[in-house]
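**Q** One letter stands for each residue in the lines below.
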Amino acid sequence: MATLIVLLVLVLFLAAIFTGGYNRQFLERMRNSRTWDWLTTVDHKKIGILYLMGGLLFFLIGGLEAIFMRLQLFAPGNDLFVGRTFNELLTMHGTTMIFLAAMPLIFAIMNAVVPLQIGARDVAFPFLNALGFWLFFFGGVLLNLSWIFGGAPDAGWTSYTGLALNQYSPGPGVDFYVLGLQIAGIGTLIGGLNFIVTIINMRAPGMTFLRLPLFTWTAFVTSGLVLFAFPAFTVALLLLMFDRLFGSNFFDHAMGGSTVIWEHLFWIFGHPEVYIVILPAFGIMSDVISTFSKKRLFGYNSMVFATVLIGFLGFMVWVHHMFTVGLGAISNSVFAVATMAIAVPTGIKVFNWLFTMWGGEIQFKTPMLWAVGFIPTFVIGGMTGVMLALPPADYQYQDSYFVVAHFHYVLVGGTVFGLFAGIYYWWPKMFGKMLNESLGKWHFWTFLIGFHLTFFPQHFLGLFGMPRRVFTYQTNVGLERLNEISTIGVAGMLIGTIFFLVNIIYTLRKGPKAEADAWGLGRTLEWSIPSPPPEYNFAQTPLVRGFDALWVEKEAGNKTMTPAEPLGSIHMPSPSYIPIMMSLGFFIAGFGFIVRGIPAAVFGLIIVFAALFLRSFDYDRGYHVEPEDPEKGGKE
Amino acid sequence: MAKESNQAISRKPESAMKHILSFVLMIAFTAASFFLVMSDAVPSGWVIPLLLIFAVVQVFLQLFTFMHLDQKGSAYYTIFIIFGIFVAVISAVGILLM
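If you're matching them up, the sequences are chains A and B in order.
For the record, in the first sequence the residue sitting at position 575 is 575 according to our numbering, with numbers rising by one throughout.
For the record, in the second sequence the residue sitting at position 19 is 19 according to our numbering, with numbers rising by one throughout.
For the record, the hints were derived by calculation from the structure and aren't laboratory data.
It is possible that some hints are incorrect.
With the Cβ distance kept under 7 Å, some of the chain A side facing chain B (calculated, not the full set) [to be verified]: (1) Q25; (2) F228; (3) H264; (4) I268; (5) F315; (6) L327; (7) I330.
Because the structure is a prediction, the values reported are computed rather than measured.
Cβ atoms here follow ideal geometry from the backbone N, Cα and C, with glycine treated the same way.
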């Protein structure tokens, strides 16, 4: 604690010396700097970019962990990462990829696209949007700090309490999991709530629910799932925190607790979480496929219905993760039937995508390649899913590499392919630059081939009896060749990702500027405004006259949307430093609890409460800007 | 359309006192719950019923002060609350029965 204060004072002194002392000018210079602008922004487009950068960073970290694991499994009896280190790698890989890569990337695209698609100037609660991002980011950093402060969590991403209690996992590892995810989880919950309100309240005139683009629909259902699923996880993490930090016994069977309660709570959250990460990918696919097939989405109403139905059924299937716990034949059968029922709305979606492409004028741009690669890959993952949904068969598959192959086919083949499609598709809208097409195609093909090379053999590894989460295997049991192929496949995904990063850096420097309608085929509202959009998005709120609003106007021979209001000054929210301050408070408090330093924890909570207080009595009502008149050719 | 109806139901601002009072009450109930479990102030058979009563009171404070259930709203409130209850009931029944 004392060291901390000394360091803090030193930093203040240094800042004072280098800036010529505390004065108004220094504050002024800081306020006008770009960094301060990004740290305090409440603009959904900038927050979207922040989410994207944060998500990609953790995606790379999680990928690195996966590479390490595959290197260990390259040969039988390998001793590169064994025992606890391997457990830490697999736990952090799963946790990072789900909570710190997939979810923020989804929120990145939702932030960048949803307000534009519904014709809104921002989300409903810009302040909460910023708060959600910073909580996610600090939660993620806290979780990853575990690598240097006493070891990462090692109880699996599901953190079953039979592995995660103090007596089974000594050291602070699981504490980092509990508090890091708790903080990131609050951010996600806030984000979900924000998008529900945004989509209900902020739609442009004429944008009825059945005219919403499908990505917005899936964002809406996903946000609903976040709202109802995350509380279960919050409660589970809170109970685990009490067990580990304060000596309660919710999950300790020796003291009358029950580890099955954790499993229930985790999967009541965990299964909807699966749909939280896949539904937006479905939405991206629907928009991309319809755009690049130059056709209206086939069966729009049934797509909406299927999305809502998947969201609804998603809450009634969690026990299929627990078939072998021994809950009895009746519960297993009920949940097996419910699980297989989900294949029906998913099937509706797959056929609708195929029929959208049928007879369309298809252009194989990079986003469309990802979308087309997505369909067969996801269908394979879906079919192994139905196989796993049969309880008797699941007794054979469970805890084997077959399960690993299944969920990587849906999570990578579904979510990651979907996210890449979305990133390529909306990149020009977010950054105003086109990504390079040939680098994009190299990215797609190397990643696709590498992916199948890695995960297809894992089905057979599972059927041959290789258990998941185990760091080695014997020679001469027929597992060597397939494991070698699997590890070699990772190189494909790595090279693909490198192409992607090169593409980003290259095009940000030299890429061609994007038009408003970057692909020339835009159907929805986001393509009717400049790329990147001005801070107020729409100079005049557009009037929506049908599904695929921009396409309707194009068909009618109009170049732009019909405005729904006269040109006038626009009210904007002020930037705020409170979100980052509050998140920093949570971060310090979380770290304090983990190292059992109560003064630090109290200090962090004081910052949080100070931020709450400042926010409660903040009477800043924002400011007004005068938009450029689009008719007079305002600067982009 | 959505915007106009939103403005139509906007009301005069409520007093801050009501919010602060509810906030303090909720924190007090939470602290009291902890105290009940940690100390032996009440016989152990009474703890769980008392906790449930505290919980119900807090739910009502939450719904009426912070979520404005006492005011006329749109159908969305009802849809979301019903779905929330539905999910909660399924989860609770699932955990209790299995």
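**Q** If a hint holds in the structure, say so; if it doesn't, say that too.
**A** Evaluation of the provided hints:
1. With a least beta-carbon distance of about 37 Å to chain B, the hint placing Q25(A) at the interface is violated under the 7 Å criterion.
2. The restraint placing F228(A) at the interface with chain B holds, with a minimum CB-CB distance near 5 Å, inside the 7 Å limit.
3. Hint on H264(A) holds. Least Cβ distance to chain B is approximately 5 Å, under the 7 Å limit.
4. The beta carbon of I268(A) comes within 5 Å of a beta carbon in chain B, closer than 7 Å, and the hint placing it at the interface holds.
5. Nearest Cβ of chain B to the Cβ of F315(A): about 5 Å, under the 7 Å cut. The hint holds.
6. Residue-level restraint check for L327(A) holds (minimum Cβ-Cβ distance to chain B is 5 Å; threshold 7 Å).
7. Contact between I330(A) and chain B, as hinted, is not supported at the beta carbon level, the nearest pair being about 9 Å apart and thus beyond 7 Å.
Hint check: violations occur at hints 1 and 7; the rest are consistent with the structure.
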